[in-house]
Amino acid sequence: MVKKIDLCVAEGIIKKYTGGVSDLIPVLQDVQEAYGYIPEPVLYFIAERMNIYPSHIFGVITFYSQFKLKPAGKYIVKVCVGTACHVKGSERVSKEIHELLKVKVGDTTDDNRFTFEEVACVGACAQAPMVIVGSDEYGKVTHGEVKKVIKKYQK
Amino acid sequence: MTNKPKIILGMGTCGMAAGAKTLLEKVESHIREKKIDAEIVHVGCIGMCHEEPLLDIAMPNRCRVIYNKVKPEDVSKIIDSHVLKDKPSKEHALSQILPDNGANPYIGITYFEEMPFNRKQQRIVLKNCGFINPLYIDEYIARDGYEAAKKVLFSMKPEEIIDTVKRSGLRGRGGGGFPTGLKWEFCRKAAGDTKYLICNADEGDPGAFMDRSVLEGDPHSVLEGMIIAAYAIGANQGYIYVRAEYPLAVKHLKIAIDQAREKDFLGKNILGTGFDFDIDLKQGAGAFVCGEETALIASIEGERGMPRAKPPFPANKGLWGKPTNINNVETFANVPQIILKGADWYSGFGTEKSKGTKVFALTGKIKRPGLIEVPMGIPLKEIIFDIGGGVADGTKFKAVQTGGPSGGCIPAELIDTSVDYESLTAAGTMMGSGGMVVMDNANCMVEMARFFLNFSTEESCGKCVPCRIGTKRLLEILERIIAGKGRENDLDLLSRLGSTVKGASLCGLGQTAPNPVLSMMRYFKDEYEEHIKDKSCRTGACTALSRYIVNPDTCKMCGICVKGCPVEAIADGTKKAKKPALIDDEKCIRCGICFEKCPFGVIYTKGAKKAAHVKEGLSEVKV
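Going down the list, the protein sequences come from chains A and B. 155 is the number that the numbering used here gives the last residue of the first sequence; the numbers go up by one with no jumps. 1623 is the number that the numbering used here gives the last residue of the second sequence; the numbers go up by one with no jumps.
Calculated from the structure, these hints are not laboratory results. Every value quoted in this text rests on a predicted model; they were computed, and no experiment measured them. There may be inaccurate statements among the hints.
To be verified - With a cut-off of at most 27 Å between alpha-carbon atoms, the simulated DSSO-like pairs for lysine-lysine come out as follows:
#1 B:K1563 <-> A:K148
#2 B:K1251 <-> A:K140
#3 B:K1071 <-> A:K95
#4 B:K1563 <-> A:K140
#5 B:K1251 <-> A:K148
#6 B:K1563 <-> A:K102
#7 B:K1251 <-> A:K147
#8 A:K104 <-> B:K1251
#9 A:K152 <-> B:K1597
#10 B:K1367 <-> A:K140
#11 A:K95 <-> B:K1563
Claimed, not checked - Beta-carbon label-pair distances, calculated as ranges:
#12 A:S55 <-> B:D1534: 32 to 40 Å
#13 B:K1077 <-> A:K147: 30 to 38 Å
#14 A:S55 <-> B:K1150: 43 to 51 Å
#15 A:K151 <-> B:P1072: 15 to 23 Å
#16 A:N51 <-> B:T1425: 41 to 49 Å
#17 B:V1465 <-> A:N51: 49 to 57 Å
#18 B:F1154 <-> A:K15: 23 to 31 Å
We put the beta carbon where it would ideally sit given N, CA and C, even for glycine.
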């Protein structure tokens, strides 16, 4: 999949900020929002425009779990593995999704439809265990229901 | 404010997860269809997560009625009866809220305040959550909002504010418990013209959602607390550092900040007093360690969020080297009330050293999970049993974990412990930010310790050796115990290594990471010894050390477990076979599907003594 990276979008984002190092994280967040991930050419582009070493930017990207260097699938499936969800069996939910999608945590399915992630607490503990697909939240996802939830998003 | 009937929906993250979105669509289409003249109001979390999704109806001059666990198909019935005929549907109603304006109550519906869940609560921080629409500043103003800010700006000196907060006894609600007034005083007295104020909303403890609920349900209370703090310490710029994982909280904060600017509560020359203060939002990017103040500062500066050595403390040298004051969301939300009602009123709640109230997120194996606010010093027992209704499904209460991955557990024997900073520390745990996860018989204390350590290991920033390597080694020891390969001296090793990590780490993360395992070993030593000596887990949670058994006497031969088993390890168990199910321990992979699927609860787990079935290589852990 070779897709040309349009740097104009990144240009527009950088222009919104004053350009100090303290704007780096917001810029990266906007870039990720726009491109779905942080493409390498954009990383170098930011480095040049904001006058920050690429190594610094790379360091920041890899420190925070929010940033991705690889494109994500159409739907991001997040399984909450916070304490409350853990106590209510999120490990099993995670295992089941792994079996359904046949990808490891952090990876994307071959058809680019799903990216599978584990997150530590989305703050809806009373609805544990929680699964989030795209921006839809599903609470009390017990055994058997995982399949139903995922099915909604399969072709 | 209109005089129309109001249909109120709890649209916090938890309500959404329970299906509030579908309800909203249903309500909208129904009132359109029937041409009902009603106003739909979105509110934040009222705390009763166990009753979600909630739909409330408030008729003009009548009490607001709460309907719980509303199904989409019941929406039209409830609305027709209540809004069109002013007859609340009693079969669906949960309670009614007694308002301050003397509206007419209905006969035969319990009062919200008298429900067991609410009776022992004291709402100061949560007074508006679920009661106002967080998207309209006017609703906040109508409930004394921004009165405290006006009071300090027009009639109080910064020193007076600091003195009031000091006398109120308010301590940091993020977990540290440092006296807030004293912290403000340090920053006020620090040399320098430029000072910063930061609100720490990086609520990262898994199992805690207090700050999220306040930010979603009552964002202005936090902004007002910040305005007062900024005026007290002399800061003109503030930041709210909020988790990006809380999209709804971010949205509500953005709207609230814009509205506060419009009304002249933020910006240049606030209300003509000559005081300048504005707030910017910074979104965290997913790093637990950023809850630590110096790491949070590094993150705002655009660096990797790694902690710095203290001293110098942020009060002297913080953001960009300037004096900086950091408080947590809940701490700020307390401030306007303290200013309005006075230090004496606030310190009337709580114990000698822990004043006021604390918000807790009550979750786990509890009948009524939710967001609660209780006076400090309340016995733990009352929280678990009176408010929370005890553990769910008739299992036995085992322990409660407070303070998340930095805290510890309180076992059933210590259920009478008073919930305040000192008593919790004495019990080997901590107040923490307010997560309270209840555990029952099915939760293994070795496995829980592994869970927390796994979290701390992943979130360790890697800056200092004791934390980076120490937590990893602790985790490996626990993993081998769980896999049935525990060694004779492992408990001793865990406690020695644990205390080294605590003593030698740079920041709060490392200093507290061994707490869960140390506290669980303290109270559940026999369980740890069983894992190591008998290679057995009594709860069935450590799959390598337990086995599933069907009770042949009560098996109904429905065949559900047979169908569900992914490896065909269950024989018979069907009406056709006329024999109860039997699990072949050799074939069983201990996935637990049969256990979960059995509708009659006849499958149980048993610690596998000496674990004959643990095959080499099956759960190999490199040591």
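Now the hints, each set against the structure:
{"no.": "1", "hint": "B:K1563 <-> A:K148", "in the structure": "18 Å, holds"}
{"no.": "2", "hint": "B:K1251 <-> A:K140", "in the structure": "25 Å, holds"}
{"no.": "3", "hint": "B:K1071 <-> A:K95", "in the structure": "30 Å, violated"}
{"no.": "4", "hint": "B:K1563 <-> A:K140", "in the structure": "23 Å, holds"}
{"no.": "5", "hint": "B:K1251 <-> A:K148", "in the structure": "30 Å, violated"}
{"no.": "6", "hint": "B:K1563 <-> A:K102", "in the structure": "22 Å, holds"}
{"no.": "7", "hint": "B:K1251 <-> A:K147", "in the structure": "31 Å, violated"}
{"no.": "8", "hint": "A:K104 <-> B:K1251", "in the structure": "32 Å, violated"}
{"no.": "9", "hint": "A:K152 <-> B:K1597", "in the structure": "22 Å, holds"}
{"no.": "10", "hint": "B:K1367 <-> A:K140", "in the structure": "14 Å, holds"}
{"no.": "11", "hint": "A:K95 <-> B:K1563", "in the structure": "19 Å, holds"}
{"no.": "12", "hint": "A:S55 <-> B:D1534: 32 to 40 Å", "in the structure": "52 Å, violated"}
{"no.": "13", "hint": "B:K1077 <-> A:K147: 30 to 38 Å", "in the structure": "32 Å, holds"}
{"no.": "14", "hint": "A:S55 <-> B:K1150: 43 to 51 Å", "in the structure": "50 Å, holds"}
{"no.": "15", "hint": "A:K151 <-> B:P1072: 15 to 23 Å", "in the structure": "20 Å, holds"}
{"no.": "16", "hint": "A:N51 <-> B:T1425: 41 to 49 Å", "in the structure": "48 Å, holds"}
{"no.": "17", "hint": "B:V1465 <-> A:N51: 49 to 57 Å", "in the structure": "33 Å, violated"}
{"no.": "18", "hint": "B:F1154 <-> A:K15: 23 to 31 Å", "in the structure": "41 Å, violated"}
Checked against the numbered hints listed earlier, the structure breaks hints 3, 5, 7, 8, 12, 17 and 18; every other hint is satisfied.
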